[in-house]
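J.: Chain by chain, the residues:
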Amino acid sequence: MVAKSVERPVPRSAANAATLTVAGKEDVAEGVVSLTLAHPDRARLPDWTPGSHIDLILPDGTTRQYSLCGDRWDAHTYRIAVLREPAGRGGSAYVHDELRPGDRVGVGGPRNHFPLVPSHTYLFIAGGIGITPLLPMVHQAELLGANWQLLYGGRTRSSMAFREELTGGHGDRVHLVPQDERGLLDLTAWLGEPRPDTKVYCCGPAPLLTAVEAACAHWPPYALRTERFTAAPRTAPVRNTPFEVELRRTGRTVTVTPEVSVLEAARRAGADVLSSCEQGTCGTCLTPVLAGRPDHRDSILTDHERAADDCMFPCVSRSRDDRLVLDL
Amino acid sequence: MTEALERALVPPVSDADPFAHDVLLDPEPLHQALREAGPVVYLSRYDVRALARYEQVHAALVNWQHFESGSGVGLANFRYEETWRPPSLLLEADPPLHDAPRRVLREILAPPALHRLRASWYALAEALVDQVLDGGREFDGFSALAEAFPLRAFPDAVGLGPGGRENLLPYGNMAFNSFGPRNDLVAADADRVAGLSAWVNAQCAREALGEDGFGARIWAAADRGELTYEQAPLVVRSLLTAGVDTTVHGLAACLYALATHPVEWQRLRDRPESVRVAFDEAVRWQSPVQTFFRTATADITMAGTVVPEGTKILMFLGAANRDPDRFDLTRDPSGHVGFGMGIHQCVGQHVARLEAEALLTALARRVDHLELAGPPQRHPNNTLRSWTSLPLRVRPA
Numbered sequence: 002m003v004a005k006s007v008e009r010p011v012p013r014s015a016a017n018a019a020t021l022t023v024a025g026k027e028d029v030a031e032g033v034v035s036l037t038l039a040h041p042d043r044a045r046l047p048d049w050t051p052g053s054h055i056d057l058i059l060p061d062g063t064t065r066q067y068s069l070c071g072d073r074w075d076a077h078t079y080r081i082a083v084l085r086e087p088a089g090r091g092g093s094a095y096v097h098d099e100l101r102p103g104d105r106v107g108v109g110g111p112r113n114h115f116p117l118v119p120s121h122t123y124l125f126i127a128g129g130i131g132i133t134p135l136l137p138m139v140h141q142a143e144l145l146g147a148n149w150q151l152l153y154g155g156r157t158r159s160s161m162a163f164r165e166e167l168t169g170g171h172g173d174r175v176h177l178v179p180q181d182e183r184g185l186l187d188l189t190a191w192l193g194e195p196r197p198d199t200k201v202y203c204c205g206p207a208p209l210l211t212a213v214e215a216a217c218a219h220w221p222p223y224a225l226r227t228e229r230f231t232a233a234p235r236t237a238p239v240r241n242t243p244f245e246v247e248l249r250r251t252g253r254t255v256t257v258t259p260e261v262s263v264l265e266a267a268r269r270a271g272a273d274v275l276s277s278c279e280q281g282t283c284g285t286c287l288t289p290v291l292a293g294r295p296d297h298r299d300s301i302l303t304d305h306e307r308a309a310d311d312c313m314f315p316c317v318s319r320s321r322d323d324r325l326v327l328d329l
Numbered sequence: 183m184t185e186a187l188e189r190a191l192v193p194p195v196s197d198a199d200p201f202a203h204d205v206l207l208d209p210e211p212l213h214q215a216l217r218e219a220g221p222v223v224y225l226s227r228y229d230v231r232a233l234a235r236y237e238q239v240h241a242a243l244v245n246w247q248h249f250e251s252g253s254g255v256g257l258a259n260f261r262y263e264e265t266w267r268p269p270s271l272l273l274e275a276d277p278p279l280h281d282a283p284r285r286v287l288r289e290i291l292a293p294p295a296l297h298r299l300r301a302s303w304y305a306l307a308e309a310l311v312d313q314v315l316d317g318g319r320e321f322d323g324f325s326a327l328a329e330a331f332p333l334r335a336f337p338d339a340v341g342l343g344p345g346g347r348e349n350l351l352p353y354g355n356m357a358f359n360s361f362g363p364r365n366d367l368v369a370a371d372a373d374r375v376a377g378l379s380a381w382v383n384a385q386c387a388r389e390a391l392g393e394d395g396f397g398a399r400i401w402a403a404a405d406r407g408e409l410t411y412e413q414a415p416l417v418v419r420s421l422l423t424a425g426v427d428t429t430v431h432g433l434a435a436c437l438y439a440l441a442t443h444p445v446e447w448q449r450l451r452d453r454p455e456s457v458r459v460a461f462d463e464a465v466r467w468q469s470p471v472q473t474f475f476r477t478a479t480a481d482i483t484m485a486g487t488v489v490p491e492g493t494k495i496l497m498f499l500g501a502a503n504r505d506p507d508r509f510d511l512t513r514d515p516s517g518h519v520g521f522g523m524g525i526h527q528c529v530g531q532h533v534a535r536l537e538a539e540a541l542l543t544a545l546a547r548r549v550d551h552l553e554l555a556g557p558p559q560r561h562p563n564n565t566l567r568s569w570t571s572l573p574l575r576v577r578p579a
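In the order they appear, the protein sequences are chains A and B.
According to my numbering, the first sequence is numbered sequentially starting from 2.
According to my numbering, the second sequence is numbered sequentially starting from 183.
Because the hints were derived from the structure by calculation, they are not lab data.
Any given hint might turn out to be false.
[What the hints assert, rightly or not] Residues from chain A that face chain B, not an exhaustive set, calculated with beta carbons under 10 Å:
#, residue
1, D75
2, P116
3, S120
4, Q141
5, R268
6, S276
7, T282
8, C286
9, L302
10, E306
[Claimed, not checked] Label-pair ranges, simulated between beta-carbon atoms:
#, chain 1, residue 1, chain 2, residue 2, range
11, B, G343, A, D328, 37 to 45 Å
12, B, R261, A, A207, 44 to 52 Å
13, B, D394, A, T168, 45 to 53 Å
14, A, E306, B, D394, 16 to 24 Å
15, B, E393, A, R101, 52 to 60 Å
16, A, A292, B, V195, 55 to 63 Å
17, B, R261, A, D104, 40 to 48 Å
18, B, R261, A, E166, 26 to 34 Å
19, B, A579, A, R249, 24 to 32 Å
20, A, G25, B, R547, 53 to 61 Å
21, B, Y304, A, R253, 25 to 33 Å
22, B, R388, A, D328, 37 to 45 Å
We put the beta carbon where it would ideally sit given N, CA and C, even for glycine.
Extracted from the complex, chain B is given alone in its bound form (with noise of 0.2 Å):
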């Protein structure tokens, strides 16, 4: 085909808002149509062209070449608008930038790094998941644990100080609003921005962090010179803001997933070792991070259709990950693309795996029968799907 052919075709437009409430609490519907819809299609709205089906999604992700980071993953493009805070060095640069700040944290959250925690943190959800059944049968699985152990786990493993914890959920329920539009959700927290900036920036420095954390090693790495000492805070800075809310809402998707599927919970009983496919296969079809933008380089032929040099594109990981749109423990969630793919996949994704790990094997240690006690509730974020709460009703082993 001639480009002049490909230039031809003309991309199906959808005027639906993505980031309107109805769809952030419940965005199947429009995922589907938007699969069905095309392979590309364009979001009169926002000016954007959408991809919902995991071809096009996976296709984008890898190629950095061409969709570039740098210029925001959000929809403000950064060619043009002002930040509302400096630019992520991980998520919000490419190559050659992207390179050093990258290989500094893939190495502090390598697998073989994080073996040290293993232990510590079996133990942490042993303790936490016997407080909880302590505490009765019926409980909120979503503060009780999905909060609780990623709270309890990471900021430790970070090496951030006692005060002030209660901060990090906000800030990230904050820092993943503001990739969508500036709409109400963003507006909510105008006024919270400047004081939890604040209090974010303050952990990311030196003297505020342990000695043996991720942080004091991202720091460590600045004294060997593979960062610059302007460049380690912000580092840091990335593991806070990605690091909990995701884990968070990973595992409550993971909870919610396995009480409303009484099979699979047994299949996990029966078979421990399927706790690293379980909380990937919830992370696929539950997608805590539902969306990313990328701004294209160059015209980017794609499908037949362009995507125009300078332009954003929206990647729904959700929608690409809906197929099938069952929870089943006994498919192989591999490949799916709820962490990324390429250089820009969750740099944590070892961390979130290790915690889910714990704190499942300590559930289904002790929970024989797991189910929904009461409606779940969600939470509208422009990028994330949250939760507020999920009552749990467990029977003891």
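This is chain A alone, in the form it adopts within the complex (with noise of 0.2 Å):
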């Protein structure tokens, strides 16, 4: 054989980079499905670390944000955990009443703003579908031979999702809190005395993370560390229809179809791009966006440098407006 024969990278074009499969659905709890997503080619996916999540795209250009709660040495899956809200905006019942083993949907990121630290010990404390970026957390402070306790509340035992993965393998660290059996989470035991040698992360809804804050007001700067999902204002629904790209510099405009990511496309009409992981995570192909906004689905922009729409990672970012332009 000749030296030839040495591959290439398999171009992405063939499927977005950012296009998954529910590759399994299945009920966790009362009221909440867990789905399993897998690249359509069993591709490995982006690697995450423990309090990622990930935007999830619906077909209706839905976007909700998810913890990643599966298991990191599995790169072909990632596993989310969807909770049915009543009173939600529709993205939870289409998770738990329309999609299906096989069907597609856009993914984002993963993105961690809720990364463990290191400690000697840590106190998790989760109120219900908040145990999902926890659950990741606890496997990893076992691994590392940390000292920890898990405190989880839920309304009722049969809704807190993932009850027997936990008490299964880890005991006496784990303390569950149904409502109805045991009353509120009992935080003034709990975080009364402040550890130095102690992180606490809580995620769950709104009121439970005011209370730990409140508890943890007289602990040290920093000890307390808590995720809170704030659904992104969004200027422009996600889309999933093409859209213009204007290279600057090149002097072209191209379309760019849902199958193309906007970097191949930039590519066929002459533009030096130069990447390298092509998964959003590497950030090599940064690119400054002159208009239009950009559809973000990268691991690596904060928040707020999303927000400014100045800047794309076009290997898996897209667009939100029927225009952009690239200073390409």
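Can you join these two chains into the complex? Each is in its own frame, and there are hints to help.
T.: The structure is reproduced here in structure tokens:
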């Protein structure tokens, strides 16, 4: 065999890198389904760390954020868990009622605003579906040999997702507190005395976060880390339709259809765009945006950087507007 | 195919020594032989499996689950062998321990965070190029540009003090030799290990670092609890170990490529925006970091052969990148593995690219024609494709 047989990276144009298939759907508690997502070609998915979330983009353009709660030693699937929210905006109802195995969904990220920092001891506090980002953290704390406890509250025992998975493996470190059996979490007992060697991680409904923040007010700075799910206001919905990209320096305008990435379309039009991972994680293809609002799907930019809409990673990110103008 | 059948495939055997001086100075013949021999080749001399084709090297790099770094990314297996220094928290670590140091350094070295350095590095590069060209039309491009520019730009960006910077390159040379076998290259530095290590370790202390550099930002992350105070100096050490020699030899490779390909130099002058492509194309073509090892975490099947649990694989990044063999600015080097790939991909790649962009832009503005003024000199290193001199002749624009 000759050197020519050395293979170049597989172009990702065949399937949009940010489109995954629903590989499984399972009831994991009352009102909670878990979804297993995989690449249509069974390719590796972008790496993630505990605390990460993805943007799930439903066929109607609705975008919701869900924490990854699977096992990152499995590079080929993501797992998320979705609570049916009767008062919600329809995204969770669609996932529960309409989404089927085999369906395609758009995915952005993963991104992590809730990373697990090093600590001797961790206290994890979950309220209801807030268990999802904490589940991989619990496994991680175990792997690191850290001392940890999980305080997990929910409406009723049957509404609490992953309780068998948690109590099966870790017995006395996990404290399940179904409200109808044992009342609210006793935060004073758990947080009354600040412990300098402990980091507190909390995810759950807003009243729980507020109560934990108040209970930790006298703890050292940075001891408490919380994740608050807020629907990021979007000025335009994510689109599934073609859009135009003007390459200002190249002097050409191209139409980007759903099957190709902006990177691919720009290259075909003759623009030089250096890239590397083509998964939105390495940062090599950073491109200035001169006009239009990108649909950011990378793992790199912070919310603040995203909101500025002045740059994007064309390997995965797309457009919310009919037209984007790039400095390419 | 059943597992039993896969196990029946035995990889071709080679008794070549990739760390022999003649191979280190001119690795391409061995690279070609290994690529042609098969997707996995057993190197009998070191009892390791070698990967020299792009497909396998890329697959091993991204697959941290099956090919770990925590047992060392050199020939030494940390499961059984003592290390010459406390292992790196980045290069020689796996998830979950790898996560926090990687996140901190990635944010500090991300493109948006580097923006504030851009104007000053462009000015620094122009000043350096002016100074070199004022000195004459012939000079050593290695010491005058490839070494001089990173040594002016990077230590200041880290926040190092002015004293002792001459230790940086020898420390890097020693560290990158240590990933190979304990050959004469390692022995040559035996009496310097303690002194160089002590100097580098002293520079990692908070008090030794300026207030606004990468180093201070690493310590500030420890204040926020994102790293422990024990981890912070080791993360600074990673910057000092991996951030200087690699860029120096990458820039030298780029200057060599451009000096020996006049058509490409003209293309670069015609289209100054292609400087980024030029540098990455040089990193692909000459791959400053030639090799790294991984260790199998289980019996892993690769191209029909089995890599047994706990054994080392040797990834030839430079060999994987040599397709095609020519340096060519009209092709797109995207996807090359010169910076690695996956969770261990060079965390400083954007810093290196910015340094290269600044220097090449300044040079392209002032120099109309660039050529070799004599034979360049290589320097053997167990990991790095290194140089000692690159005589250049220029015609100012």
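J.: Can you let me know if the beta-carbon spacing of G25 (chain A) and R547 (chain B) is within 53 to 61 Å?
T.: holds (58 Å)
J.: With a cut-off of 10 Å, does the beta carbon of T282 (chain A) approach a beta carbon of chain B closely enough for the hint to hold?
T.: Holds, about 9 Å.
J.: With respect to the beta-carbon atoms only, verify the hint that Y304 (chain B) and R253 (chain A) lie 25 to 33 Å apart.
T.: holds (28 Å)
J.: Just tell me: holds or violated, for the beta carbon distance of A579 (chain B) and R249 (chain A) against 24 to 32 Å?
T.: Holds - the Cβ-Cβ distance for A579 (chain B) and R249 (chain A), about 27 Å, lies within 24 to 32 Å.
J.: Go through the hint on C286 (chain A) and say holds or violated, using the shortest Cβ distance to chain B against 10 Å.
T.: holds (8 Å)
J.: Per the hint of 16 to 24 Å, is the separation of the Cβ atoms of E306 (chain A) and D394 (chain B) within bounds?
T.: With a Cβ separation near 21 Å, E306 (chain A) and D394 (chain B) satisfy 16 to 24 Å, so the hint holds.
J.: Grab the minimum C-beta distance from P116 (chain A) to chain B and call the hint holds if it beats 10 Å, violated otherwise.
T.: holds (6 Å)
J.: Regarding the hint that L302 (chain A) lies at the interface with chain B, is the smallest CB-CB distance below 10 Å?
T.: With Cβ-Cβ at 8 Å, under 10 Å, it holds.
J.: State, for the Cβ atoms of D394 (chain B) and T168 (chain A), whether the hinted interval 45 to 53 Å holds or is violated.
T.: With a Cβ separation near 49 Å, D394 (chain B) and T168 (chain A) satisfy 45 to 53 Å, so the hint holds.
J.: A range of 37 to 45 Å was offered for this pair. Does it hold for the Cβ distance of G343 (chain B) and D328 (chain A)?
T.: For D328 (chain A) against G343 (chain B), whose Cβ atoms are near 38 Å apart, the range 37 to 45 Å holds.
J.: Against chain B, is S120 (chain A) within 10 Å by beta-carbon distance?
T.: holds (8 Å)
J.: For the hint on Q141 (chain A), does the least C-beta distance to chain B fall short of 10 Å?
T.: holds (5 Å)
Violated hints: none; the structure is consistent with every hint.
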